[in-house]
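The hints should help you fit chain Y onto chain F, whose structure is shown.
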Amino acid sequence: MVVPVETTGRTSVHPPADAELHRRLVYGDESALAEAYTAYGGLVRAVAARVTRSPAAAEDVAQEVFAQLWSRPYAFDARRGSLRTWLSMLAHRRAVDWVRSEARHRKDARADDCALHAIPDASPGPDQTVVDRERSLLLHSALAELPQPQREVVHLAYFAGRTYRQAAVELGIPEGTAKTRLRTALRNLAATLAEVPDPPDPAWEKGA
Amino acid sequence: MSDDHEVVRELLAAWAFGALSPAEEKTVPPHLAECESCAAEAARLRETVRQLEGPPENGGRSHIGDGAVSFALRARPAAPRVAAHAAPYAAAVAGLKALLLEADGRWGTPVVHDWDVHATVAHLIAADEPLAGQLGAGGRVPPAPVTDGEGWEAAWNRRTAEVIAQEHGRSCEETVADWAAQAGALLATPEARDPVLAARAVTLMGVRLPVADHFVVRAFEVWIHSDDIGRALGLTVPPPPEEHLEQLVRLAVRILGAALGPAAPPVLFAVTGGQEWVLGSADEPVQAELTLDPVDFCLLVGGRYSPDEVPRGATGDEDAVRNVLERAASLAWL
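Protein sequence lines correspond, in order, to chains F and Y.
Count along the first sequence starting at 1, add 90, and that's the number in my numbering.
Count along the second sequence starting at 1, add 41, and that's the number in my numbering.
It should be emphasised that the hints constitute simulated quantities derived from the structure, not laboratory data.
Virtual Cβ for every residue (Gly too), placed ideally from N, Cα, C.
Do not rely on the hints blindly, as some may be mistaken.
Unchecked claim - Each pair of labels, with its calculated beta carbon distance range:
#1 Y:Ala74 - F:Arg190: 39 to 47 Å
#2 Y:Val243 - F:Ala136: 23 to 31 Å
#3 Y:Asp145 - F:Ala284: 17 to 25 Å
#4 Y:Glu51 - F:Arg170: 23 to 31 Å
#5 F:Asn278 - Y:Thr356: 31 to 39 Å
#6 F:Ala136 - Y:Ser347: 21 to 29 Å
#7 Y:Pro151 - F:Ala107: 29 to 37 Å
#8 Y:Ala300 - F:Ala136: 30 to 38 Å
#9 Y:Asp45 - F:Gln238: 52 to 60 Å
In isolation and in its complexed conformation, chain F is listed as follows (with noise of 0.2 Å):
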């Protein structure tokens, strides 16, 4: 009989799942590339089309995120989260990049319209539309820059659809540091929000 050998310290405490993908995206595999596409591209795109509002755009994005994946695999570490947080909050970090962009462009093209200058009229409609989606993209740019810790427990609990007791447990944390995480991460947020020179929403400002 064969002595059980001991626990080297090299071997790897993270999901064996993850990890197991990872080495073979090292190593070239390309199947690995598919695998991950299929796991976690459905993640990935959803989480692009809530900040950018366009399929299109989120397939853009989607592309970039798995092409950084498979070309730099070294820029994600198993030791340091899971393969479906890292890949949610690239996801959001280049949606936000890109819905920057975009605003950036409009502005410029519309930059002789004085009308946008101008206060806005109260009353709901397209302006409403432009309105929430300053908030919306101000939102976004303020989650992508919470901490990590925080930013991941929203991501599983808002992008990926789980319970923060699953997110607990898929982040290897107790269930009420999950708990107190979102309420930090969500109170952050909504500061934010309060921040923001208070545009004439009625319903906002009824909500508040």
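Structure of chain Y alone, referenced to chain F:
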């Protein structure tokens, strides 16, 4: 009631995100109906999530493409498809290329011996060169003539020093490009694709082995040095894919068995989750059993573990075990 208040208040953010289980979800509305401060907080948080959501999605093409995979493959090609004996080398080269992308701005980091990252890559150019020369895939730097009577190790060290000196006069990108070009040329040889052609035995680094095995030795060395570079840069280099690791282990065991010779006290040697071999004399009963993790065994043979420190499971005669471990460590040439 106040217990309820604390519990629900803690749940409000998860509630606003829709991240409660159905059972917990039910506990929230009754409390909100009777607690003004929680109701206000709940409204504020929910509104924030609603704002995060933004306006309804634009129209536009909703076509879901699967172009992401081919797009990614244009950014980085997959490891080339070669015969099984060259696949570990193809993978190790792909892995080191990916690792070296992270070395940007850190080429001077000390790695092993007195080499930095740049010099380690230069060493790999020298190390792959003998096989490349044999297969007519010679590199950029013309080798100096071998001095008569010089052993392979002296020639090997001299050649490494030569190439490192030359490469230090060039940019790191040029050195990496040369190493990658030579590796690519090796993988493009007929011997990398055809097991029959690769069955021809040649003597390299003092060992006569089939070309197929020399490819495995190349994979071994590239991976060990990748691991060195990874540790220098603070990155975890994963072990080679399972089937490649098995190939490395099998070859190392064969070389170890030959080095121990037919008279060594026999030891039943196993790698965790893998094969078993009896090393040493076939005429005596087994005197000890030794089990190593496959990665640890490779690191021992690669000189990255000393016989004392390598984690092992062992029973039986300690001297017999020690003999195997020391002989394995003595194989290290890296």
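Each hint tested on the structure:
For Ala74 of chain Y and Arg190 of chain F, the Cβ-Cβ distance of about 41 Å falls inside the hinted range of 39 to 47 Å, so the restraint holds. Against the hinted window of 23 to 31 Å, the Cβ-Cβ separation of Val243 of chain Y and Ala136 of chain F comes to about 55 Å, which falls outside the hint. As the Cβ distance of Asp145 of chain Y to Ala284 of chain F is approximately 41 Å, the hint placing it in 17 to 25 Å is violated. The hinted range of 23 to 31 Å is satisfied by Glu51 of chain Y and Arg170 of chain F, whose Cβ atoms lie roughly 27 Å apart.
A beta carbon spacing of about 58 Å between Asn278 of chain F and Thr356 of chain Y contradicts the range 31 to 39 Å that was offered as a hint. The given range of 21 to 29 Å is broken by Ala136 of chain F and Ser347 of chain Y, whose C-beta atoms sit roughly 51 Å from each other. The hinted window of 29 to 37 Å between Pro151 of chain Y and Ala107 of chain F holds, with their beta carbons roughly 35 Å apart. Between Ala300 of chain Y and Ala136 of chain F the C-beta distance comes to about 57 Å, which lies outside the given range of 30 to 38 Å.
Against the hinted window of 52 to 60 Å, the Cβ-Cβ separation of Asp45 of chain Y and Gln238 of chain F comes to about 33 Å, which falls outside the hint.
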